[in-house]
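Undergrad: The residues making up each chain are set out below.
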Amino acid sequence: MDCKEAQQFAGDAIDGSLPNGLEEELQAHLDKCKPCRGEVVLEKLSKDMVRQNVKQIPTPRNIRSSILKSLRLEFEQLEPDQESWLASLFPLRVVTPALAAGIVTTLFFLMVSTRVDPLYQMTAHSSSNDIIHQSFANFALLQAGIMLPAMVTTVPESMGDFFRKSDLQFGVDIPKLRNCDWSGGSASECSGVKRAHLFFKIGSESVYVFEVSDDDALYGTQISLPLAAKRALAQSGWYTDPSHPDCNVILWKTEEAVCVAVSTMKKEQLLALLPTR
Amino acid sequence: MTPVVQPVVSRSTKKKHTEFEAEALPHMDVLYNFALRTTGNQDDAHDLLQETYLKAYRFWDKYEKGTNIRAWLFRIMKNSYINRYRKETKEPDKVDYEDIENFYNTIRAESTDPNDLQKQLYGNLLGDEVTKALQGLPDDFRTVVILCDIEGLTYEEIAEFVECPIGTVRSRLHRGRKLLQAELIEYAKQQGMIKDD
Ligand SMILES: [Zn+2]
Ligand SMILES: [Zn+2]
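Respectively, the protein sequence lines represent chains V and A. Residue numbers for the first sequence follow the working numbering, so the first one is 1 and each next one is one higher. Residue numbers for the second sequence follow the working numbering, so the first one is 1 and each next one is one higher.
Keep in mind the hints are simulated off the structure, nothing from the lab. Treat the hints with care, since some could be wrong.
[As the list claims (entries may be wrong)] Here are the simulated lysine to aspartate or glutamate pairs, DMTMM-like style, with alpha carbons at most 25 Å apart:
1) V:69 <-> A:19
2) V:55 <-> A:183
3) A:178 <-> V:12
4) A:78 <-> A:64
5) V:47 <-> V:24
Next up, chain V with everything else stripped away, as it sits in the complex (with noise of 0.2 Å):
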């Protein structure tokens, strides 16, 4: 190795780039050349030049938010009836428990920034423990990413699996609704109600599906329905409320629960949806 080479390569060795071969070539001409010698010196302070005095710095917060609000514009450009980040979610599978947790923890996220309906608005069934008022709050803290879904999945059927793990103490119904993206359910408890709650996500719309024991629906202390409710579900399982035009909710009886949906849907829309039984 003569000295030109020497040099050529005097930056690969301090880079730890050096050909394979090369290196005991390279050592013995700097073993026996001063200048080479110099030379790696001075390449080798140049970088630790660098290195010490120029800093990797995280992107500052306000350009890193500026940008991505930024790409947001152009995606909302590109759909320009977005209605939220959670959409851009839905065509993503998800099959793995890894997979899910992490689509929770980001629907988190997403789901903070979502516009909330107003619907602590509705005064109809205004009393707390009114099964409608309760799937209102609920659909409203789900928007609002306050609650959040145990588990989601692509397969709303496999959700049966997870309430029967649940011990709910009633057979929960699983809805099976047509072009449903994913969906999503979480199992609670509150003054002794167990409490099962199924999320939709179907295009660009949420159902929200609020199941309690019919025992405590319409024998129970701790929720109420409305009298008109009661009647219907006896008579024919169903009950849509037509006194008040705000209130877009359906409910049905199952042998072992009643269940309430709410959507963004319109009624009808979302009738349609559930299937007849």
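Starting from the structure of chain V, add chain A with the ligands where the hints point.
TA: Just chain A with the ligands now, with coordinates in the frame of chain V:
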């Protein structure tokens, strides 16, 4: 609640958006640092970074899955930078390499330990001066120095980033570092840290 009337939303667009976010956003810091070192100020770095991401978003279909996304983003940034600032990228011919050599010759007898040398030469040099000197390098040289010495990329990666053969990367790096030394020595002299004989 008011009913929401939705047009048919294309799922492919949503998919694209999700994919883009997952793939491209994790590289923001690397790109930002490069933009910052290249433009030398936060505002221009912001503009450059934003332009890069918007272009990448628009041309996401052109990105070949499984290839080096960082390199792809970087090339978009590099092109944006060139278009935006239209800087000359040729090597300056005024640098006095001899000056560096001579200088080195006068001190090498005393020490060959780079740490000692650094203390001796630039003991009082501030980080700002190094940043400034780096920024003063011609684009092509600064680019490889940043990618190698700050971002820690391998020669192969750098070659992919700048779309040049490895030999070119090697020589630009070598010369870039020399130019940087020249700048620093010049500065040290001005500050009286080194005697100018
Ligand atoms: Zn030599
Ligand atoms: Zn009502």
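Undergrad: Run every hint past the structure and note whether it holds.
TA: Here is how each hint holds up against the structure:
1. Of the supplied pair hints, the one linking residue 69 of chain V and residue 19 of chain A holds, its CA atoms being roughly 17 Å apart against a limit of 25 Å.
2. Restraint check for residue 55 of chain V and residue 183 of chain A: satisfied, since their Cα atoms lie roughly 19 Å apart, inside the 25 Å limit.
3. Restraint check for residue 178 of chain A and residue 12 of chain V: satisfied, since their Cα atoms lie roughly 15 Å apart, inside the 25 Å limit.
4. For the hint linking residue 78 of chain A to residue 64 of chain A, the alpha-carbon distance of about 18 Å falls within 25 Å, and the restraint holds.
5. Straight-line distance between C-alpha atoms of residue 47 of chain V and residue 24 of chain V comes to about 23 Å, which keeps the hinted pair within the 25 Å bound.
When each numbered hint is compared with the structure, no violation occurs for any of them.
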